[in-house]
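With the hints as your guide, set chains B and C onto chain A.
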Amino acid sequence: MEYFIQQLVNGITLGSIYGLIAIGYTMVYGIIGMINFAHGDIFMIGAFVALISFIIFGLTGVALPVILLLVLLIAMLFTACYGWTVEKLAYKPLRGSFRLAPLISALGMSIVLQNYVQVAQGARVKPMQPLISGGLEFFKNSEFVVTVSYLQIFIVVLTVILMGIFTYLITKTDLGRAQRACEQDRTMTALLGINVDRTISITFIIGSSLASVAGMMFVLYYGVIDFYIGFLAGIKAFTAAVLGGIGSLPGAMLGGLLIGLIETFWGGYVSLEYKDVAAFSVLIVVLIFFPTGFLGKPDIEKV
Amino acid sequence: MEKKDIIQSVKDSLFTGIIALALFGPIVGLRTASKGEGLFITPQWGLVFILVGLCILGRFLINLNSARKTEFTFFSKFTSKLSSVTEEKAKHLAITAILFAVVFPFLPFTDRYFMDVAIMILTYIMLGWGLNIVVGLAGLLDLGYVAFYAVGAYSYALIATTFGWSFWICLPLAGIFAAFFGILLGFPVLRLRGDYLAIVTLGFGEIIRIVLINWYEVTNGPDGITGIPRPSFFGLPFKRSPDEGEASFHTFFNLEYSTMHRIIFLYYLILVLALITNYFTLKIRKLPVGRAWEALREDEIACKSLGVNPTNTKLTAFAIGAMFGGFAGSFFATRQAFISPESFTFIESAIIVAIVVLGGMGSQTGVVLASIFLIGITEMFRDLEQFRMIAFGGAMVLIMVFKPKGILANRKPTILMHGDKK
Amino acid sequence: MSNLLSVENLTMQFGGLTAIDNLSFDAKNNEITSIIGPNGAGKTTVFNCLTGFYKPTNGQMFLHKDEGKISLRKYTDFKIAHVAKVARTFQNIRLFPAMSVLENLLVAQHNELMVASGYSLFGLLNLKSYRDKEQLAVDKARYWLDIIGLTNRADDNAGDLPYGDQRKLEIVRAMCIEPKLLCLDEPAAGLNPKESAELNKLLKFIKTEKKTGILLIEHDMSVVMGISDHVVVLNYGKKIFEGTADQTKTSKEVIEAYLGVDE
Chain A
1 MEYFIQQLVN GITLGSIYGL IAIGYTMVYG IIGMINFAHG DIFMIGAFVA LISFIIFGLT
61 GVALPVILLL VLLIAMLFTA CYGWTVEKLA YKPLRGSFRL APLISALGMS IVLQNYVQVA
121 QGARVKPMQP LISGGLEFFK NSEFVVTVSY LQIFIVVLTV ILMGIFTYLI TKTDLGRAQR
181 ACEQDRTMTA LLGINVDRTI SITFIIGSSL ASVAGMMFVL YYGVIDFYIG FLAGIKAFTA
241 AVLGGIGSLP GAMLGGLLIG LIETFWGGYV SLEYKDVAAF SVLIVVLIFF PTGFLGKPDI
301 EKV
Chain B
304 MEKKDIIQSV KDSLFTGIIA LALFGPIVGL RTASKGEGLF ITPQWGLVFI LVGLCILGRF
364 LINLNSARKT EFTFFSKFTS KLSSVTEEKA KHLAITAILF AVVFPFLPFT DRYFMDVAIM
424 ILTYIMLGWG LNIVVGLAGL LDLGYVAFYA VGAYSYALIA TTFGWSFWIC LPLAGIFAAF
484 FGILLGFPVL RLRGDYLAIV TLGFGEIIRI VLINWYEVTN GPDGITGIPR PSFFGLPFKR
544 SPDEGEASFH TFFNLEYSTM HRIIFLYYLI LVLALITNYF TLKIRKLPVG RAWEALREDE
604 IACKSLGVNP TNTKLTAFAI GAMFGGFAGS FFATRQAFIS PESFTFIESA IIVAIVVLGG
664 MGSQTGVVLA SIFLIGITEM FRDLEQFRMI AFGGAMVLIM VFKPKGILAN RKPTILMHGD
724 KK
Chain C
726 MSNLLSVENL TMQFGGLTAI DNLSFDAKNN EITSIIGPNG AGKTTVFNCL TGFYKPTNGQ
786 MFLHKDEGKI SLRKYTDFKI AHVAKVARTF QNIRLFPAMS VLENLLVAQH NELMVASGYS
846 LFGLLNLKSY RDKEQLAVDK ARYWLDIIGL TNRADDNAGD LPYGDQRKLE IVRAMCIEPK
906 LLCLDEPAAG LNPKESAELN KLLKFIKTEK KTGILLIEHD MSVVMGISDH VVVLNYGKKI
966 FEGTADQTKT SKEVIEAYLG VDE
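Chains as they are written, first to last, in my numbering: chain A, 1 to 303; chain B, 304 to 725; chain C, 726 to 988.
Bound conformation, chain A alone (with noise of 0.2 Å):
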């Protein structure tokens, strides 16, 4: 029983990163009706943009909660310069193109950009020292003592704060609706004078930053990163994202608790090796069975 709920917690944590790393999959397909390729390494530039601040910012000895945040905004800025660059020039001028066209772009993309950090940040993983230690320790009188740490808390508070913005943000606000009005009919929008690829280049911006807070927490969670992490963490959220619903956002998050939660028992349960073949498995399940998801809606061929 303690050791179910030390691995429920464990799941909901890594839930929370693949969630945030999913909105951005799944905002993009509503958008522009793509997969986003590329968005596992916009993830994995944003653990580095973070691994990098952490280090300077380390080095100043400023109080730890002005760490986080700097480090929070900095990765968001520069990551998400990242996101609109790639839409430029990988996605924007495929607009109208044949289908599978975005798709090769982004592969492509994502090769590059996983080899420009290889060659720019060298291949070695790197490790870094743990900033938030400690935790709360519960049934310490059963055999294993469940720990909850605090970073744990951080991640799924920050996850929760964020959430609740995104949400104000697409259901509450012009851009918002600008957003949806473009996953309805992107002609149409932009005949009643919405600018269409603005609102297109702010979906990458949001769904960039979302996934370069996640490779913060992923840096903090895991203490090491490396180049390539963004191709397996990318791939767990788009499960994710097409678990929940593809081109849902609160499904998007579901999807990335469940695939979590999922990862986790099956490591803390089955077999650690194959943690990642149960996850490629729930995405073909999911694919075949069940490719609306949870909250998606059903996708009827037009004829």
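Calculated directly from the structure, the hints in this document are not laboratory data. Quick caveat, the model's predicted, so the values are computed rather than measured. Don't take every hint at face value.
To be verified - When the alpha-carbon atoms are kept at most 27 Å apart in a straight line, the in silico DSS-like pairs for lysine-lysine are as follows:
id: 1; chain 1: C; residue 1: K853; chain 2: B; residue 2: K586
id: 2; chain 1: A; residue 1: K88; chain 2: B; residue 2: K715
id: 3; chain 1: C; residue 1: K810; chain 2: B; residue 2: K589
id: 4; chain 1: A; residue 1: K88; chain 2: B; residue 2: K314
id: 5; chain 1: C; residue 1: K810; chain 2: C; residue 2: K929
id: 6; chain 1: B; residue 1: K314; chain 2: A; residue 2: K92
id: 7; chain 1: C; residue 1: K858; chain 2: B; residue 2: K589
id: 8; chain 1: B; residue 1: K589; chain 2: C; residue 2: K804
id: 9; chain 1: B; residue 1: K380; chain 2: A; residue 2: K92
id: 10; chain 1: C; residue 1: K919; chain 2: C; residue 2: K963
id: 11; chain 1: B; residue 1: K589; chain 2: C; residue 2: K853
id: 12; chain 1: B; residue 1: K715; chain 2: C; residue 2: K794
id: 13; chain 1: C; residue 1: K865; chain 2: B; residue 2: K589
id: 14; chain 1: C; residue 1: K794; chain 2: C; residue 2: K905
id: 15; chain 1: B; residue 1: K586; chain 2: C; residue 2: K905
id: 16; chain 1: C; residue 1: K977; chain 2: C; residue 2: K790
id: 17; chain 1: B; residue 1: K706; chain 2: A; residue 2: K92
id: 18; chain 1: C; residue 1: K853; chain 2: B; residue 2: K715
id: 19; chain 1: C; residue 1: K929; chain 2: B; residue 2: K586
id: 20; chain 1: B; residue 1: K586; chain 2: A; residue 2: K88
id: 21; chain 1: C; residue 1: K858; chain 2: B; residue 2: K715
id: 22; chain 1: A; residue 1: K88; chain 2: B; residue 2: K706
Structure of chains B and C alone, referenced to chain A:
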């Protein structure tokens, strides 16, 4: 150009510079390196300024409008010229290329290194041709093609090391095995939309790799399989000192022993395998099933309305593509005599997809050109491995932006009513 | 004249929306039956149910063949064309644009050619039996191309044809599967008067010479009134009128549906 335009384009270039600074600043400018305990930052601002400068300059040149257009028209003129030349002279080109490939091992400048590169290029050509059936003809983006390559290589290695059967028995078995895997995967997933299919095949490729790493009992895990038998020349092994009473290739033909014999044999082996793949593809393209593949690529709904069974049709493309991947895998295993999961990563799939896409989907000549270009030329700069991958990815993006049908995009009808008019 | 198609109590719902509401009608052999109605009346949905793209919520559709009547509900997807021999065209033309005109017509004969090529085996061996069958298929394509006057463009890409020719090509491509029932979704959309007249001629030819029943959705009243033997009028998914072309023209319900009612 008017003054206003110039000011505008200078402004725009400076904006590009700011963005470039934001992009390169942290990632290139602040290189992390481990020293003793923990990480330290090594600044490389010089490099950042060079990169930012290049971006500003590049953007400015593009903004001088005409530059962009001439550049682009030059590029498309060149590729369409290339397309028409390769199309008009297709027969001559093919014969010349095959003749060159046949005499290549005996050319004066050909040495061991050249032969190794040539064998590698041919392997990729074969893989490219195999995948071209799936991606180019049937329009199914398969990002896990390496899985079939791996299945072919492992089944060859396992059969050959366990039963000791000869290459010529193991090769078809490995191909059948790979095709079987293709059907196994394809059956449930081929109903999916194009982009979902791409992700699912990618996932399948990774699953196969993870299983290969972890299934020690069979695959020997990350250590891989060693001692895979080399192929023999119709029963004559390529050994320096053959066993008692056994003839070896050089003793039988009364030659001086040389390791080159085996290399040359492997070269011809892959050449023949690749040409078979090509011949098969060219043939089957003109059959009903080949036309149905292309029709599915064009419009699946229209196909259904004409009574074409999409799942079965896609499945044949998938299985045949997988089979050729399996053949190439067997060849890889016998050439290396050693295989491990490391050789079958996602990046291999990406390279093969890149070859097909860049060459022009569906174009057999395109695959050859792209393989020579991507594998051959970059092989010369092996030390710059990572830069080569950046160039790979960049080329994929550029091709999609400027020439989405690939460099050689001309398609010839599979059957003519009026014969060749030209 | 005997019945070819009977639709009985067909209902199709999407979520809460009822696109077709308890619709019944018959279409006869060697007749052109038109389904007309204002936009959103559910005409295309009827087609999508008939041709297996949607599974209707309720109701039956029967096709009367020489060997007996078959239920179209049992066939979905490609089997509608392959087994039940119901062919269709689309509102927004769906040719294979990058393939030649001839290839388009050969894909329509895919199933026979597959068998003739021994599921590719005989084809790969280049057996004469296959080559002969292929020639027959090309001859059939030529026959249809002669009729629509596109024989000299057989080797050009279908996507390069003018719009009107693409429409005609799509219709003869559907005819290449030798259907019992041909369903045409707004075949005259975007055609000029001359092309519309040619279309009328082609459809009459198919009806009389090929003995194929035609089911037609159309907005262009000159086409509908010129060639229909039987007209079914839909509004909001319900049948509001059924009769001959002349009866339809004077029907009060139909005029109301199209022009609205004065309060």
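Going down the list of hints, with the structure as the test:
| no. | hint | in the structure |
| --- | --- | --- |
| 1 | C:K853 to B:K586 | holds (15 Å) |
| 2 | A:K88 to B:K715 | violated (35 Å) |
| 3 | C:K810 to B:K589 | holds (26 Å) |
| 4 | A:K88 to B:K314 | holds (18 Å) |
| 5 | C:K810 to C:K929 | holds (20 Å) |
| 6 | B:K314 to A:K92 | holds (22 Å) |
| 7 | C:K858 to B:K589 | holds (14 Å) |
| 8 | B:K589 to C:K804 | holds (24 Å) |
| 9 | B:K380 to A:K92 | holds (24 Å) |
| 10 | C:K919 to C:K963 | violated (33 Å) |
| 11 | B:K589 to C:K853 | holds (15 Å) |
| 12 | B:K715 to C:K794 | violated (44 Å) |
| 13 | C:K865 to B:K589 | holds (18 Å) |
| 14 | C:K794 to C:K905 | holds (12 Å) |
| 15 | B:K586 to C:K905 | violated (34 Å) |
| 16 | C:K977 to C:K790 | violated (36 Å) |
| 17 | B:K706 to A:K92 | holds (15 Å) |
| 18 | C:K853 to B:K715 | holds (24 Å) |
| 19 | C:K929 to B:K586 | violated (40 Å) |
| 20 | B:K586 to A:K88 | violated (42 Å) |
| 21 | C:K858 to B:K715 | holds (22 Å) |
| 22 | A:K88 to B:K706 | holds (17 Å) |
In summary, the numbered hints that this structure violates are 2, 10, 12, 15, 16, 19, 20.
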